Amino acid sequence: MPVPREGAPAGERPPRREGPGGGGGGRKQYFRRRKVCKFCTEKIDVIDYKDVRMVGEFIAERGKILPRRLTGTCSTHQRALSEAIKRARNIALLPFAAGA
Amino acid sequence: MRNYEMIFIVRPDVADDEVQKLITQMESVVASAGGKVEKVEKMGRRRLAYRVHKQREGFYVLFYVQGTGDTVKEFERRLKVTDTVIKHLTVCMDDILQRAEKFKALRAKQEAKRRRSKPAPAPPAAPPVPAENAQV
Numbered sequence: 001m002p003v004p005r006e007g008a009p010a011g012e013r014p015p016r017r018e019g020p021g022g023g024g025g026g027r028k029q030y031f032r033r034r035k036v037c038k039f040c041t042e043k044i045d046v047i048d049y050k051d052v053r054m055v056g057e058f059i060a061e062r063g064k065i066l067p068r069r070l071t072g073t074c075s076t077h078q079r080a081l082s083e084a085i086k087r088a089r090n091i092a093l094l095p096f097a098a099g100a
Numbered sequence: 001m002r003n004y005e006m007i008f009i010v011r012p013d014v015a016d017d018e019v020q021k022l023i024t025q026m027e028s029v030v031a032s033a034g035g036k037v038e039k040v041e042k043m044g045r046r047r048l049a050y051r052v053h054k055q056r057e058g059f060y061v062l063f064y065v066q067g068t069g070d071t072v073k074e075f076e077r078r079l080k081v082t083d084t085v086i087k088h089l090t091v092c093m094d095d096i097l098q099r100a101e102k103f104k105a106l107r108a109k110q111e112a113k114r115r116r117s118k119p120a121p122a123p124p125a126a127p128p129v130p131a132e133n134a135q136v
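Going down the list, the protein sequences come from chains A and B.
Residue 30 in my numbering sits at position 30 of the first sequence; the count goes up by one each step and never skips.
Residue 19 in my numbering sits at position 19 of the second sequence; the count goes up by one each step and never skips.
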């Protein structure tokens with residue numbers, strides 16, 4: 001259960017989930033991180049290089065592939081995605097370098 | 001036999017019936033090289049992301065083909081010698097489809113697991129009952 005750490009300066013961080021369910025429940029409240037990989041949550045199995053609208057979301061303004069830390073894509077899908085982007089570039093659906 | 005997706009871009013200044021002629025020609029190429037055309041899709045005229053052979057637009061044609069390596073070889077050779085085709089790409093879909101299959105199986109498994117441990121979602125349904133009792 002949430003024991004306040006000694007060294008922690010009070011009030012630096014808002015208290016984590018102590019409001020409604022704090023007392024009686026007995027069930028531990030985990031701080032669950034939101035699952036953000038688009039392909040996992042929307043259950044997209046095949047990342048299609050021809051689908052420019054979907055794949056195009058993951059490239060930056062200048063045509064670079066966006067890193068995982070910005071998009072939240074999981075590693076498996078990031079690998080498949082980069083493959084798809086490179087294919088799309090090859091067939092001129094996406095730019096290698098945009099807006100130059 | 002493997003599944004392939006072959007996509008190629010025809011110059012935009014080629015007439016539609018000539019594109020159609022090229023498609024039927026390529027279909028016969030696949031057939032003669034021991035392959036089978038599953039589906040042909042004309043993706044239509046699109047703006048290219050960059051200039052190819054001084055063209056800014058192109059007519060995309062997509063072939064779904066079942067065949068061997070020789071089929072692909074012959075198909076690509078024909079595209080290369082065809083002047084109206086400015087770009088082409090062949091993708092072997094087997095690995096991709098296999099992986100998709102795996103994902104699907106994995107998800108089904110997880111779903112089954114979640115269903116087995118369903119008692120957990122039941123408690124949240126309990127609170128409304130006391131509330132109704134309180135109203136009565």
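Hints listed in this document are in silico derivations from the structure and should not be mistaken for laboratory results.
If you're wondering where the values come from, they're calculated on a predicted model, not measured in any experiment.
The reader is advised that the hints may include incorrect statements.
[What the hints assert, rightly or not] To give an idea of the interface, some chain A residues facing chain B are shown, with a C-beta separation under 8 Å as derived from the structure:
(1) Asp45
(2) Ile65
(3) Pro67
(4) Arg69
(5) Ile91
(6) Ala92
We treat Cβ as the ideally placed atom computed from N, Cα and C, and that holds for glycine.
Any hints from earlier that this structure breaks? Give me their numbers in increasing order, please. 2, 3, 4
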